[in-house]
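Q: Each chain, letter by letter, is given below.
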Amino acid sequence: MNTDEQAILAGPVFTVPQADKDRMLVRKLAELTDWHRARCAMYARVLDATGQVGPIRTPADVPWLPVGLFKSHRLVSVPEADVYKTMTSSGTTGQEVSRILLDRDTADLQARALVRIMTDILGPDRLPMLIIDTPGVVRDRTQFAARGAGVLGMMQFGRHHVYALDDAMELHVDAVRAFLAKHGGAPFLMFGFTFMVWRYFVQRLASEGVDLSNGILVHSGGWKKLQDEAVDNATFRARLEALTGLRQVYNFYGMVEQVGSVFVEGEDGLLYPPSFADVIVRDPETWAEAAIGQPGVIQVVSILPRSYPGHSILTEDLGVVHSVDAGVGGRMGKAFSVIGRAPRAELRGCSDTHAFGSAAQ
Amino acid sequence: MTVQQLVPVTQHRNLTELLAPFTTRGAVTMPFAPDAISLALSLGRRISRDAEARKQPALQALAFWLRKTELLRLQSAVQRIEGDGTVLVPRGTVFHLPPANVDTLFVYSWILALLAGNRNLVRLSSRGVPQASVLVRLVNEALAEHAGTPAGDGTVMLSYGHEAEITRALSAVCDVRVIWGGDATVNAVRAVPLPPRAIELAFPDRYSFAALDAAAVVALDDEALAAVADRVYIDTYWFDQLGCSSPRVLVWVGSAADCAVAGQRFVPALHARVRARGYGVDVGTALAKRTFAFRTAIDTDVQAVQWIANELAVIELAELGTLVRDHPGGGLLFQVGVASLDALAPILTSRDQTLSHFGFEREALVSFVHRLGANAFDRLVPVGSALQFDRVWDGFDLIAQFTRNVTVTGS
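Going down the list, the sequences are from chains D and C. Residue numbers for the first sequence follow the working numbering, beginning at 5 and rising by one. Residue numbers for the second sequence follow the working numbering, beginning at 58 and rising by one.
Under 8 Å between C-beta atoms, here's a sample of chain C residues computed to sit facing chain D:
hint : residue
1    : 339
2    : 340
3    : 342
4    : 351
5    : 362
Calculated lysine to aspartate or glutamate pairs in the EDC-like style (CA-CA distance at most 20 Å, straight line):
hint : chain 1 : residue 1 : chain 2 : residue 2
6    : C       : 125       : C       : 198
7    : D       : 186       : D       : 212
8    : D       : 186       : D       : 215
9    : D       : 75        : C       : 356
10   : D       : 75        : C       : 383
11   : D       : 229       : D       : 174
12   : D       : 228       : D       : 320
13   : D       : 89        : D       : 100
14   : D       : 228       : C       : 339
Just so you know, these hints were derived from the structure itself, not from any lab. If you're wondering where the values come from, they're calculated on a predicted model, not measured in any experiment. Using N, Cα and C, we set each Cβ at its ideal position, and we do this for glycine too.
Next up, chain D with everything else stripped away, as it sits in the complex (with noise of 0.2 Å):
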């Protein structure tokens, strides 16, 4: 059954013209939307009752879901027995999270997706690796659900694990120096959620003079918490390359909603989608697919989800496509940046609350 996605993701990662991929991805995608339509009752409602029943004939008109139907809803297209695996988002107590479903051909793929991403960034070898996180993080999956699997999922594309921070996230910088005077002259993985690498190290860093400029960092989980702080992503790759000499610098966008898509940043800083997935920026207004340059609403799209209808997503992120097929060391399709979560003034009304039995904001 996964021959053909598994042909495309023993092909080129990042350098299929978008022509070439657009025919791949309409053929896959209107496959699979016909396979969740026939399998997955809820998504054959949704479709039927919104009117996504149109002819695919670009990507852009395959029908999507918001993402947020994934925190209420349990989407799935094949056998609950079938079920292998759930996913599920981060988030705050109280707060709703994604249940993602997985059946072991959709595990298999998503763990082959990752593993031809990371090696077409690392190279065939696993490199000694520096987690920017605690011990705590793996060892307590309860607390750290999202974050633990990420790490877990990073951890096989490196060796010789060494946490950076201790369960209090104090910089551990014993550890960190041990690292770097046993692995710091050759190349050398380091992988942390975006805000905590800030945070925790390369604020920490600052007075301590280490050295990481063989190091390749991988970094992922969004720039919402460091919006605050006003840290974009010129500000962290410049402060990171000031302070350690770090060049190598990775960041990822994805979402645990959907499987196979991990676009990658280039060393222009923009991201690139791999070859099974691709992003689809809308015109909020309209919701016609946006020109290139134009900001609007990221659709993410991926042949990897068969086990729940979720190959092609509304997300709540503000995105722009820059280029095509233009893009930094050979890349070729789309190259595009996240702007961030799309602003949602509060409306008024008498409905409530601030202040009284939402203490918790």
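Let chain D serve as the given structure and place chain C on it in line with the hints.
A: Coordinates of chain C only, in the frame set by chain D:
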């Protein structure tokens, strides 16, 4: 402890000092004292003359309510409440907790208590909105003009966050506590004790409908249709469709054929009014509405989701039975056709507040209310008046609640 006072003047104040006058017996008058009426009229005049306030329809509606004829109507209502052998007196101190963001409601609540002769404590949301700050300025001007009179001196409005101890201190000196806005707010404030003889009025979450006679709408010419659509626009959009009285369901009453035609004519007419009035929502709100519509498509018996524009989505229901009363606000209407108003009855609950209507005779509505009995609707009003404030709200006559009937029997 210090709090942020906004009225009579903006300043930080010690809470104990602020509350001192409210623990004495001063600044109380008989209902409809001349200086209270004068203050209300003065505020109304200031709102209708202020350049900034004139741009805001909700403020102009407030000014309209503060006209002399309206106040006289209120006064005559008091005389009726007084009834046989009783004399009406104020209750003392009224503590108002208006909703965070319905910018004008605090004035309605406050003015009614003021006209009844009470002293007033008003908690304003700490999140300032432009409409409120214009209003606060005009309220201060009107109060300054009446300084030295009981009406002019008996009001303090303040702003604070969720400090329960402030709510506790204000509650301890009040005779009436009025909580506007939301089940969660009502429950949280109810946990704060009141003096034994104080009373409480609570206005929790409500839900509202609009019912239009399909044949009557089909018979309208384009101009008249636009006028009806504009009234439904006002009811629906003024408070981003989050007012308790804002309709969330558009019910067509009539034959299936008339209901279908009426909907097909009306929805574009409403959209035209939304555009003409320049109403807009931001991207996040549009996305939240999308998510709500998709969820509803799964959970209820939806025939179609019509995404007319970001500002207007229509979810057509096959029948009312599966209606879910969550709502995202910002211009989303359920639409359903029924053979008669009575078809509403099985799904109505005490949470349902307003039925705004078009094309029905009063007698038909009265007999409908008789058949409904206890479990539905506090108001049935023509389209266009769903948000019009009235001294009778959610079944309470506020003037009656803000006063006490003293029995006086002669010898």
